[in-house]
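From first to last, the protein sequence lines are chains A and B.
In terms of UniProt numbering, the first sequence opens at residue 1 and continues consecutively.
In terms of UniProt numbering, the second sequence opens at residue 1 and continues consecutively.
These are calculated hints, taken from the structure and not from any lab test.
These figures come from a predicted structure and were not determined experimentally.
For glycine and all other residues, C-beta sits at the position ideal for the given N, C-alpha and C.
Incorrect hints may have been included.
What the hints assert, rightly or not - Label-pair ranges, simulated between beta-carbon atoms:
no.: 1; chain 1: B; residue 1: 156; chain 2: A; residue 2: 255; range: 29 to 37 Å
no.: 2; chain 1: A; residue 1: 146; chain 2: B; residue 2: 171; range: 28 to 36 Å
no.: 3; chain 1: A; residue 1: 132; chain 2: B; residue 2: 132; range: 50 to 58 Å
no.: 4; chain 1: A; residue 1: 160; chain 2: B; residue 2: 172; range: 28 to 36 Å
no.: 5; chain 1: B; residue 1: 173; chain 2: A; residue 2: 136; range: 44 to 52 Å
no.: 6; chain 1: A; residue 1: 136; chain 2: B; residue 2: 83; range: 54 to 62 Å
no.: 7; chain 1: B; residue 1: 16; chain 2: A; residue 2: 95; range: 31 to 39 Å
no.: 8; chain 1: B; residue 1: 120; chain 2: A; residue 2: 242; range: 55 to 63 Å
no.: 9; chain 1: B; residue 1: 171; chain 2: A; residue 2: 39; range: 31 to 39 Å
no.: 10; chain 1: B; residue 1: 181; chain 2: A; residue 2: 39; range: 23 to 31 Å
To be verified - Stretches of chain A that chain B covers, calculated by requiring three or more beta carbons in the stretch to come under 8 Å of a beta carbon on chain B:
no.: 11; stretch: 67 to 78
no.: 12; stretch: 150 to 156
no.: 13; stretch: 192 to 200
To be verified - Which residues of chain A face chain B? A few of them, derived with a C-beta cut under 7 Å, are:
no.: 14; residue: 114
no.: 15; residue: 145
no.: 16; residue: 257
Spelled out from the first residue to the last, the chains are:
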Amino acid sequence: MGRSLVYKRRRCGRVAEGETNLAEDPVRLDGLGYEAGGQAILSGITLHSGAQKIGVVGRNGSGKSTLSRLMAGLLKPASGTVRIEGVDVYADRRAALRTVGILFQNPEHQIIFPTVGEEIAFGLRQLGATAAEAQEQTRATLLRFDRAHWLDAPVSALSQGQKHLVCMMAVLAMQPRLLILDEPFAGLDIPTKRQLARHLDRSGARLFHISHDPADLAGYDQLYWLEQGRIIAEGPPAVLLPEFTAEMMRLGDQDDLADISA
Amino acid sequence: MISLTSPHRTRAHDWPAGLKLAGLCLASTAVFLTDDPWVMAGLLAALALAYALPGRAFLRAGARALRLVLPFVVLMLVWHLFTRDLRMGLMISMRMVLLVGLANLVTMTTSLQGMMGVMRWLLTPFRRLGLPTHLLETAIPLTIRFTPVLIARADALALAWRARAARRPGWRLVLPLMMQALDDADHVGEALRARGGPLKPAEQED
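If we strip away everything but chain B, and leave its shape as in the complex, we get (with noise of 0.2 Å):
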């Protein structure tokens, strides 16, 4: 199940996206300014205060967010090991720790509607130029809610497979899967339709 933002309320739910956003910007700058591995540490610490903050919940959401880039800490100690600078390694591995941290605590506390309000100021100067930005801002939304989706028809697949084969599925899924899915886009279709969506809401007429 994907569902980056924490249904668990903070105040920082409540904070504008973009102010959040830009926050990120400067602080995963900042990161870069500092090479004693001291001030790294105490960083870290903060971060992790941060998570807990809201609670064991959202702690523990946060953990299990930050646990992909753990294959990745681990490959860098392990060649920084070989080329004996761990100080190095050390310090890569806290940075990468603490951007992707910062960059996840935003992701927890902020609504899509809010992420794709500051894309749509972004984009404004396209959205001048002509270009259709609306598009974009419907695509965003559709991938997170089709992930979870095309991942449970991946399982009835291969479920019915298993279900009258011995020998488990294999590549011979992908075309079938990818069938579904086309069809899965016309109904998506069809269901915007339904409902304006290939339309611009009416405010963005400019």
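Only chain A is shown next, with the shape it has when bound in the complex (with noise of 0.2 Å):
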């Protein structure tokens, strides 16, 4: 028995002019739905942005890890099409690899290599650099991030919040043009955090940051409000998180951790 809250979507504020051009939006979600074992996981999720720091804000379980797979293409959609700088990630593995680059949020589930050069150097491998250009930008990456003395060190001896910069320094090297972030920061202290996000800020990539926590998104240009598999309300987060994180406080004060949704 779900509950029968039902939410319309709404626009909350101004978005501002020229980030809503539906040409030539970089990122374009159309009617984009998910479904697992019968049960509507993301439906009708429509979403053009043009913005450079774009953010999602949702509960746990409302859809937020499945929209981030589907728009890294890691997941084919059930129904709606997912387009980032006019490629479709799914269909087209070779061009998503040079568009979208995707940080999970445990690093464990992301570094495939037992050495932190040889995790960045997998991606370049794979974008069709020749073993030599690899290393050589391997190394240029290291050392854009103050990190040259890394190269050849183990990963298992790494901190978890090192591990976290180490996925980060292995997507930014591939440069993605948009970099999906899905609870990057989830369980790390404060000062890691803005470690990391200011390399964020700084990689040059649009960002799009997936998030349950307000405070991780609070810089960001634009938001939109993900629950229960939609997208019941976009805009600016001075409009839209204080109304977020009321209905959180709201939410908190009831019991609803009884509903199985299963």
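Dock chain one against chain two, each of which comes alone in its own frame, and use the hints as you go.
What follows is the structure, given as structure tokens:
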């Protein structure tokens, strides 16, 4: 039994001019839906944005991770389309590699290789670099992050925050146009969070950051509120985040942990 | 923690991996050509010198890796004590230490990428036949990466068990550990796909 709450999508505040030029918006989701085991996880997601820092807030289980995986082209949409910079990221994997990068919540789920250098070089090789070129670009990436001495470091010796940074370097080395962040800061302490966020801001990539924590998204240009697999509101953080926080507080005072949605 | 390649840079790190592996093949064969325990002892001394040259840290790491052969050496000596052929036992033991020591020396001074490069070259005929050899090149580093992860998973499960049980965990952790490993495999599959894993690198398309 799901809750009978019905949300209607509304627009909070004014969206800045020029940010919704439909023909050229680099991030375009149209009628996007996804199902698992006959249950709708996401439905009717339409989102067009040209903002540099796009954020999505939502509770646990609202479909955030599914959305990030659809946008990275890792899942096949049940309905609708995902186009990033004009690329169908699920169908055209080669083009997708140059277009989108994704940072997962848990670095253990992302790091494939035993040393930092190999982890970074892997994606570059997939983009077509020769071994020597990949080595060169790996060194350059490490240097850019001031971590030249990490080249041969074994991943198993790194701290959690350091592993996050390795994931970030490995993805940014591939120079994606859009970087998808799936709760990348969950469980990290405040200094680590701030350092990683600074690296992200400097990367130059368009950011699509999905989080349950309003604090992560305060400095973003355009926000969307995801609830029960639908976007129920959009707007600038100054308007949307206080509303979101108030609603989360209200729900927190109730008891909705009893519902089992399976 | 598994890091077979020594972080301590030596001059041998820069030698081509193929050359080192070919040299290892030759040397390993040559070890069987002599039957003189003195020659063997001399070779062992040379091996020890090779381990000692890059410095103390390298020597200690090497000695740790070689501890693995110790039980076999003891077993071999005890057995030959019984068969009253101690000379034979000594020869076999020294040969064993020499072989493992040489191989470990190559391992410690060769990066995984270097090894994979040689393997890729050796697999060329199979690739020509159309076999997807690039899958093997990903599988080996994955194994090395996830061995410590799986050990940590097993430790965490054992801790969770002991936090709520008086008796020690046993075989009952095998199934949950397996499920977690499968779950991990799903995540790695996803991470591979996110960065083009199942695709072949462009230059391999021949």
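Right, here's what the structure says about each hint:
1. 156(B) x 255(A): 29 to 37 Å: holds, 30 Å
2. 146(A) x 171(B): 28 to 36 Å: violated, 48 Å
3. 132(A) x 132(B): 50 to 58 Å: At 24 Å between Cβs, range violated.
4. 160(A) x 172(B): 28 to 36 Å: Check passed, 29 Å falls within 28 to 36 Å.
5. 173(B) x 136(A): 44 to 52 Å: Check passed, 45 Å falls within 44 to 52 Å.
6. 136(A) x 83(B): 54 to 62 Å: At roughly 59 Å between Cβ atoms, residue 83(B) and residue 136(A) fall inside 54 to 62 Å, so the hint holds.
7. 16(B) x 95(A): 31 to 39 Å: holds, 36 Å
8. 120(B) x 242(A): 55 to 63 Å: holds, 56 Å
9. 171(B) x 39(A): 31 to 39 Å: holds, 35 Å
10. 181(B) x 39(A): 23 to 31 Å: Given range 23 to 31 Å: holds, Cβ gap about 26 Å.
11. 67 to 78: holds (count 3)
12. 150 to 156: holds (count 5)
13. 192 to 200: Not satisfied, violated; 0 residues make the cut.
14. 114: holds, 4 Å
15. 145: It is violated, given that the least Cβ distance between residue 145(A) and chain B is near 18 Å, above 7 Å.
16. 257: Cβ of residue 257(A) sits 22 Å from chain B, so the hint is violated.
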